[in-house]
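Per this note's numbering, the sequence shown starts with residue -2, numbered consecutively.
It is worth saying that the hints were derived from the structure and are not from the lab. Cβ atoms here follow ideal geometry from the backbone N, Cα and C, with glycine treated the same way. Among these hints, one or two may not hold up.
Stated by the list, open to error - Ranges between beta-carbon positions, derived for each pair:
| no. | residue 1 | residue 2 | range |
| --- | --- | --- | --- |
| 1 | ALA12 | ALA84 | 21 to 29 Å |
| 2 | ALA26 | GLU99 | 15 to 23 Å |
| 3 | ALA146 | LYS1 | 57 to 65 Å |
| 4 | VAL43 | TRP131 | 16 to 24 Å |
| 5 | ARG132 | ASP98 | 36 to 44 Å |
| 6 | LYS1 | ILE130 | 33 to 41 Å |
| 7 | ARG44 | SER169 | 34 to 42 Å |
| 8 | ALA84 | GLN0 | 42 to 50 Å |
Said to hold, decoys possible - The calculated lysine to aspartate or glutamate pairs, modelled on EDC-like cross-linking and capped at a C-alpha distance of 20 Å, are:
| no. | residue 1 | residue 2 |
| --- | --- | --- |
| 9 | LYS174 | GLU61 |
| 10 | LYS142 | GLU61 |
| 11 | LYS163 | GLU151 |
| 12 | LYS152 | GLU25 |
| 13 | LYS163 | ASP145 |
| 14 | LYS101 | GLU25 |
| 15 | LYS141 | GLU25 |
| 16 | LYS142 | GLU58 |
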Amino acid sequence: MAQKATIGGVLALAALFGWGVPLLRLFEAFQPMIVALSIMVAAILVRLNRGMPTLDWKSLEPVERARLTSSIVSLTQEYVIIIGIEATLLASLVALTVVKDEVKYWDIWTTRGVSAGIGALIALSIARMGYVIWRDYDIVRLQKKLIDASGAREKLEADLKASSEKIASIRSAGLRKTGSSDPKPWPDE
(Lines of atoms letter the chains of each structure in order from A and count residues from 1; the text may use other names and numbers.)
(Lines give C-alpha, C1' and ligand atoms only; values in the text may rest on other atoms or scores of the structure.)
Protein backbone atom coordinates (compact mmCIF):
# COMPACT_ATOMS: atom_id res chain seq x y z
CA MET A 1 0.00 0.00 0.00
CA ALA A 2 2.70 2.47 1.01
CA GLN A 3 4.77 1.44 -1.98
CA LYS A 4 1.90 2.20 -4.37
CA ALA A 5 1.32 5.57 -2.69
CA THR A 6 5.02 6.38 -3.01
CA ILE A 7 5.07 5.46 -6.69
CA GLY A 8 1.90 7.49 -7.29
CA GLY A 9 3.33 10.50 -5.47
CA VAL A 10 6.61 10.30 -7.36
CA LEU A 11 4.84 10.09 -10.72
CA ALA A 12 2.45 12.91 -9.82
CA LEU A 13 5.25 15.26 -8.76
CA ALA A 14 7.28 14.27 -11.82
CA ALA A 15 4.32 15.18 -14.04
CA LEU A 16 3.81 18.48 -12.21
CA PHE A 17 7.47 19.37 -12.57
CA GLY A 18 7.58 18.26 -16.21
CA TRP A 19 4.59 20.35 -17.26
CA GLY A 20 4.53 23.17 -14.75
CA VAL A 21 8.13 24.00 -13.85
CA PRO A 22 10.34 25.20 -16.70
CA LEU A 23 13.90 23.97 -16.31
CA LEU A 24 15.36 27.47 -16.71
CA ARG A 25 13.26 28.70 -13.76
CA LEU A 26 14.22 25.65 -11.75
CA PHE A 27 17.88 26.70 -11.88
CA GLU A 28 17.08 29.48 -9.41
CA ALA A 29 16.16 26.86 -6.80
CA PHE A 30 19.21 24.64 -7.32
CA GLN A 31 21.41 26.32 -4.70
CA PRO A 32 18.90 26.04 -1.83
CA MET A 33 18.03 22.51 -2.95
CA ILE A 34 21.69 21.49 -2.90
CA VAL A 35 22.08 22.93 0.60
CA ALA A 36 18.97 21.14 1.86
CA LEU A 37 20.03 17.85 0.29
CA SER A 38 23.52 18.19 1.76
CA ILE A 39 22.02 18.68 5.22
CA MET A 40 19.81 15.61 4.72
CA VAL A 41 22.81 13.51 3.66
CA ALA A 42 24.79 14.75 6.66
CA ALA A 43 21.92 13.79 8.98
CA ILE A 44 21.75 10.32 7.46
CA LEU A 45 25.51 9.87 7.81
CA VAL A 46 25.22 10.80 11.49
CA ARG A 47 22.46 8.20 11.89
CA LEU A 48 24.59 5.59 10.10
CA ASN A 49 27.47 6.32 12.46
CA ARG A 50 25.24 5.57 15.45
CA GLY A 51 25.04 1.83 14.82
CA MET A 52 23.33 -0.36 17.39
CA PRO A 53 21.83 1.19 20.52
CA THR A 54 23.63 0.71 23.80
CA LEU A 55 21.48 -1.72 25.72
CA ASP A 56 22.17 -4.47 28.18
CA TRP A 57 21.72 -7.06 25.45
CA LYS A 58 21.91 -9.95 27.92
CA SER A 59 18.73 -8.75 29.60
CA LEU A 60 16.71 -9.23 26.40
CA GLU A 61 15.21 -12.52 25.31
CA PRO A 62 17.02 -14.01 22.27
CA VAL A 63 13.93 -13.71 20.04
CA GLU A 64 13.39 -10.08 21.07
CA ARG A 65 17.06 -9.30 20.56
CA ALA A 66 17.02 -10.86 17.07
CA ARG A 67 13.89 -8.89 16.14
CA LEU A 68 15.42 -5.61 17.29
CA THR A 69 18.78 -6.14 15.59
CA SER A 70 17.07 -7.23 12.34
CA SER A 71 14.96 -4.05 12.39
CA ILE A 72 18.05 -1.92 12.94
CA VAL A 73 19.94 -3.60 10.08
CA SER A 74 16.91 -3.14 7.78
CA LEU A 75 16.71 0.54 8.73
CA THR A 76 20.42 0.94 8.02
CA GLN A 77 19.85 -0.47 4.53
CA GLU A 78 17.12 2.14 4.05
CA TYR A 79 19.63 4.84 5.03
CA VAL A 80 22.02 3.60 2.35
CA ILE A 81 19.24 3.67 -0.27
CA ILE A 82 18.39 7.25 0.68
CA ILE A 83 22.03 8.28 0.41
CA GLY A 84 22.03 6.81 -3.11
CA ILE A 85 18.91 8.76 -4.06
CA GLU A 86 20.27 11.97 -2.53
CA ALA A 87 23.65 11.50 -4.23
CA THR A 88 21.96 10.98 -7.60
CA LEU A 89 19.87 14.11 -7.14
CA LEU A 90 22.86 16.16 -5.97
CA ALA A 91 25.01 14.98 -8.88
CA SER A 92 22.19 15.79 -11.31
CA LEU A 93 21.74 19.30 -9.92
CA VAL A 94 25.47 20.02 -9.99
CA ALA A 95 25.81 18.61 -13.52
CA LEU A 96 22.89 20.73 -14.73
CA THR A 97 24.43 23.81 -13.14
CA VAL A 98 27.49 23.29 -15.35
CA VAL A 99 25.41 23.22 -18.56
CA LYS A 100 23.03 26.01 -17.56
CA ASP A 101 23.85 28.23 -20.55
CA GLU A 102 23.25 25.43 -23.08
CA VAL A 103 19.84 24.46 -21.65
CA LYS A 104 18.07 27.26 -23.50
CA TYR A 105 18.97 25.50 -26.77
CA TRP A 106 17.42 22.17 -25.71
CA ASP A 107 14.06 21.21 -27.16
CA ILE A 108 10.95 21.48 -24.99
CA TRP A 109 10.61 17.71 -24.43
CA THR A 110 14.17 17.39 -23.16
CA THR A 111 13.74 20.24 -20.68
CA ARG A 112 10.39 18.85 -19.54
CA GLY A 113 11.93 15.40 -19.13
CA VAL A 114 14.80 16.79 -17.06
CA SER A 115 12.37 18.83 -14.92
CA ALA A 116 10.22 15.72 -14.46
CA GLY A 117 13.30 13.71 -13.46
CA ILE A 118 14.27 16.30 -10.87
CA GLY A 119 10.71 16.36 -9.54
CA ALA A 120 10.64 12.56 -9.35
CA LEU A 121 13.94 12.43 -7.45
CA ILE A 122 12.75 15.14 -5.05
CA ALA A 123 9.49 13.28 -4.41
CA LEU A 124 11.31 9.97 -3.96
CA SER A 125 13.78 11.61 -1.60
CA ILE A 126 11.03 13.12 0.54
CA ALA A 127 9.01 9.89 0.55
CA ARG A 128 12.01 7.79 1.59
CA MET A 129 12.98 10.25 4.31
CA GLY A 130 9.44 10.14 5.68
CA TYR A 131 9.46 6.35 5.58
CA VAL A 132 12.79 6.14 7.39
CA ILE A 133 11.61 8.58 10.05
CA TRP A 134 8.54 6.39 10.59
CA ARG A 135 10.76 3.27 10.75
CA ASP A 136 13.11 4.97 13.20
CA TYR A 137 10.13 5.83 15.40
CA ASP A 138 8.90 2.24 15.10
CA ILE A 139 12.28 0.94 16.30
CA VAL A 140 12.22 3.34 19.25
CA ARG A 141 8.79 1.97 20.21
CA LEU A 142 10.16 -1.58 19.91
CA GLN A 143 13.13 -0.65 22.10
CA LYS A 144 10.76 0.81 24.70
CA LYS A 145 8.67 -2.34 24.69
CA LEU A 146 11.73 -4.57 25.08
CA ILE A 147 13.29 -2.42 27.80
CA ASP A 148 10.00 -2.28 29.73
CA ALA A 149 9.58 -6.06 29.44
CA SER A 150 13.18 -6.58 30.55
CA GLY A 151 12.64 -4.30 33.55
CA ALA A 152 9.45 -6.16 34.50
CA ARG A 153 11.31 -9.49 34.26
CA GLU A 154 14.14 -8.19 36.43
CA LYS A 155 11.65 -6.90 39.04
CA LEU A 156 9.80 -10.22 39.07
CA GLU A 157 13.07 -12.12 39.49
CA ALA A 158 14.13 -9.79 42.32
CA ASP A 159 10.74 -10.20 44.04
CA LEU A 160 10.92 -14.00 43.73
CA LYS A 161 14.43 -14.01 45.16
CA ALA A 162 13.40 -11.75 48.07
CA SER A 163 10.36 -13.91 48.88
CA SER A 164 12.47 -17.09 48.73
CA GLU A 165 14.98 -15.52 51.12
CA LYS A 166 12.19 -14.52 53.53
CA ILE A 167 10.72 -18.02 53.49
CA ALA A 168 14.17 -19.52 54.11
CA SER A 169 14.71 -17.05 56.96
CA ILE A 170 11.39 -17.98 58.58
CA ARG A 171 12.20 -21.69 58.27
CA SER A 172 15.65 -21.25 59.76
CA ALA A 173 14.29 -19.34 62.78
CA GLY A 174 13.35 -22.63 64.42
CA LEU A 175 9.77 -21.70 65.19
CA ARG A 176 7.58 -24.50 66.51
CA LYS A 177 4.06 -25.19 65.71
CA THR A 178 1.74 -24.55 68.60
CA GLY A 179 -1.23 -26.69 69.29
CA SER A 180 -4.56 -25.30 68.46
CA SER A 181 -7.67 -26.08 70.37
CA ASP A 182 -11.26 -25.80 69.38
CA PRO A 183 -12.82 -22.40 69.86
CA LYS A 184 -14.51 -21.83 73.20
CA PRO A 185 -17.83 -20.09 73.55
CA TRP A 186 -18.12 -16.84 75.46
CA PRO A 187 -19.45 -17.22 78.97
CA ASP A 188 -23.04 -16.12 79.46
CA GLU A 189 -23.59 -13.40 81.99
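That 42 to 50 Å hint for ALA84 and GLN0 (C-beta), does it hold up? violated, 22 Å
So if I understand the rule, the pair passes when the alpha-carbon distance is 20 Å or less; does LYS152 with GLU25 pass? Answer violated: LYS152 to GLU25 is near 61 Å, above 20 Å.
Determine whether the Cβ-Cβ distance between ARG44 and SER169 falls within the hinted range of 34 to 42 Å. Roughly 56 Å apart at Cβ, these two residues miss the hinted range, so it is violated.
With respect to the beta-carbon atoms only, verify the hint that ALA146 and LYS1 lie 57 to 65 Å apart. About 35 Å separates the Cβ atoms of ALA146 and LYS1, which means 57 to 65 Å is violated.
Would you check the hint for LYS163 and ASP145, treating anything up to 20 Å between C-alpha atoms as holding? Violated, at roughly 27 Å.
Is 15 to 23 Å a correct range for the gap between the Cβ atoms of ALA26 and GLU99? holds, 19 Å
Whether the CB-CB distance between VAL43 and TRP131 falls inside 16 to 24 Å: holds, 18 Å
Please work out if LYS163 and GLU151 have their alpha carbons no farther apart than 20 Å. holds, 18 Å
Agreement of LYS141 and GLU25 with the hint, judged by alpha carbon distance not exceeding 20 Å: violated, 45 Å
For the pair supplied as a hint, LYS142 and GLU61, is the alpha-carbon distance within the 20 Å limit? holds, 10 Å
Between ARG132 and ASP98, is the Cβ distance one that fits in 36 to 44 Å? holds, 42 Å
Take a quick look at whether LYS174 and GLU61 sit within 20 Å of each other, Cα to Cα. Status violated; Cα separation ~48 Å.
The structure is inconsistent with the numbered hints 3, 6, 7, 8, 9, 12, 13, 15, although it conforms to all the rest.
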